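J.: Once you have looked at the hints, place chain B on chain A.
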Amino acid sequence: MTDCDAVIIGSGPGGATAAHTLTRAGWDVVVLEKGRNHLLELEAPYGPLGHMSNDEIKFTRRHVLGPDPMLEPRSFRRDESDGDRLYVGDVNNLPSTVGGGGVHADGKLPRFREDDFALLSTKGAIDGADVIDWPISYADLEPYYTEAERLIGVAGEETNPFAAWRSGPYPMPPGADMFGATLTAPAAERLGLHPYRAPTGANSIPYDGRPACVNCGFCGYYGCPVEAKGDPVALLRAALGSGRCRIIPEALAVGVTRSRNGRTATGVRYLDLSVGPGTGDPPEREIRSRYVVLAGGAFETPRLLLRDDLGNSSDQVGRNLMVHFQTLTAGAFPFRVFGASRGRSVTHVHDDHIVGDDAQDAAARAAGLPWIRGGLVEHGGAAGPIQEALIYGPGEHHPVAMVDSSLRERLWVFTMQGEDLARPDNRIDLDPNLRDAWGGPAGRMTWSPHRHELVASAHIGPILEEVLRNAGAEWAVTSTSPPIGPDAARHPMGLPPASRHIVGTARMGHRAEDSVVDAEGRLWDCPNVVICDSSVFCTSTGYGPTLTLVALAARTTRLLAGTPLSGAGPGSDRR
Amino acid sequence: MGDPSRAEGSNNEGILDHAERRTLVALFDTLVPPGPVSDDGSPAVPGAGAAGGDRYVEALLGAFEFDPPRIWAGGPSSGRHGGEDGFSSFLELSGWEARAWRERITGWTEQYRTALAKLGVDFADLDPGERRARLSTLDPAFCELAFEHACESLYGDPVYGGNDDGRAWTAIDFRGDTAPAGWTDAEVTHPYGSNGPPW
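These protein sequence lines are chains A and B, in that order.
Numbering of the first sequence is given in this note's numbering, commencing with residue 1 and proceeding in unit increments.
Numbering of the second sequence is given in this note's numbering, commencing with residue 576 and proceeding in unit increments.
Just chain A, same shape as in the assembly (with noise of 0.2 Å):
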């Protein structure tokens, strides 16, 4: 006897996609969110609960998202010369809510290029890094990223020059231009870069039932008053409205039920945070299933397969963590450039340092590497009143700094997304000592750059000064999150990496010996166990992670549900 067909862990963009495929192919399945409900009404006709808003001090200041560090407490350390750990509190804290981490995205959703699954055979191995290949192409996934721009609803053009072939046009036009890179994306271009309008997630005008983005300015960080933004409202109304999907906010999911020989899932374990505290532990309830779907991001699914000793026969689970090691170039103008206060955080992007020319090869051979790749560099603005308050520190300038705002209205930012190689070491595993608030073993991430991070941000940081000098910004600087050097423990981003981009730590693979699932997402021990987020990740490419590891989902429970889309499938120019 089974409660449903399948055990959704997560209802971020990943869970969303997976809980919305099998809902359409006929399966009843239950999502758990570990995380509250701020989204929408879990009951007929799901409509917006109406807790999202422009409020600086509940989203970047009290975790109204969640996770609460002081609950569910994270460490890091950046080698094991770090001791257990170097610090804890938030370590590239996702939210922990219905919809995950797509509720606080600016929604930026670019697809991979075709080299992005091949850099193993296409760049080549480098000295420290375990460079591969996807066991799947772009030619695989292709359908699926068709799929996922039009249930989620991407705006975008197809001027990216450098920009994988696709099978159709984008389901709507670009919205507005933010001034900022009306200026900076000309001085691109005159520079020799290629500026496009960026793939957006929110809409640009009304769609799927949902308005257009109203240009409110609180994007970045913040759940849409107004659903203008897809990723995964969407997604987790349709799964709702076809009357087969169940959402459980507040479960906790701590372990995954097995058949005596431990190949075959029965369900998923969970605890029911809606009771307590005060009335003892919260109880652990039980969900039945013939299927598991881990959609907890790259975080949290290793967490739950080492504390469950689910999945890790190779050795691999945690293993090949990657972020997006940044590069933040920012430039005051002499005048406002409303880039923290109007528009959706990022109209413009350009991917010109993924695809590389003859100085960034010289660069490379410079400092002895093959190749070095950087990333897709967003053209944004800055953070709200209070982030840049707090920058200033206390005294008497401070007043005038906030009226002059260098650091907020004329600041225009380029933040690149840089490619990280995977390395075993960096991983996350569980910390020894700490522990959450039920008891349960904290993650920790051990994380350090490859020296391919640091020549690549190196040599491409001045280029983007040299981009906002010549747009007309008075000053220019660059640093990287995490920091580097000795001034890194006084950064005001902190010491652990900002980028929120995070895969790679369960690698989908063609051999059960060096990786966690196979081609279709399955454990290679546990084969009805199938993961729909970004761990399974082979490389982290300089793109955002959403909208490939949306189009993943998709596929992986497409091909379990029996319903794959045409032109595509197991074994389909696979490599």
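Bear in mind the hints are in silico, worked out from the structure with no lab data behind them.
Hints are supplied without guarantee of correctness; some may be wrong.
One-sided excerpt, in silico: chain A residues whose CB lies under 7 Å from chain B [said to hold, decoys possible]: (1) Arg36; (2) Asp68; (3) Leu71; (4) Asn215; (5) Phe338.
For clarity, every value in this text was computed on a predicted model and none was experimentally measured.
Heads up, the beta-carbon is just placed ideally off N, CA and C, and yes, glycines get one too.
T.: Chain B in isolation, oriented as in the chain A frame:
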């Protein structure tokens, strides 16, 4: 969401007494002081204390005097730019979230009481140099906390108790929340109109 009514049995006297609040205002005005009046007559940035910093801290430390606790303002809009005022109806916390916030606030309350007592009842009467000397005797961790709260109070939404009438937002030419009206495409792309930026 619920009404921000006082919880049954709550302490209507507040968390900090009058003397402590007077010291707190002076502390916040020292950390984040008022700005000079500009030549063009633009409103000056108020000091974080004078703009309601004491009310912000009082509301935070006394959050659980209300039901729901005044931790997270509601939504989706304040009513200032269309829609109805949803901000003043605070969101419910789960039992576990409430536990974390009670613990956090208990620690902060102790830190404030200790620090305000150390600064002394005459702190508000001191000149800036003397205030800075007293500040240097405090626990640096508290100074960091107080600065963070001063910034939040001055530049956060007025529903949390500070930023009187949005005066700080006005002074830095920030509209604050804008939804659901937002900005038109033209206001986003061409904020200076047809004249372009003031090069």
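J.: Decide, hint by hint, whether the structure agrees.
T.: Now the hints, each set against the structure:
{"no.": "1", "hint": "Arg36", "in the structure": "holds (6 Å)"}
{"no.": "2", "hint": "Asp68", "in the structure": "holds (5 Å)"}
{"no.": "3", "hint": "Leu71", "in the structure": "holds (5 Å)"}
{"no.": "4", "hint": "Asn215", "in the structure": "holds (4 Å)"}
{"no.": "5", "hint": "Phe338", "in the structure": "holds (5 Å)"}
Comparing the model with each numbered hint stated earlier shows that all of them hold.
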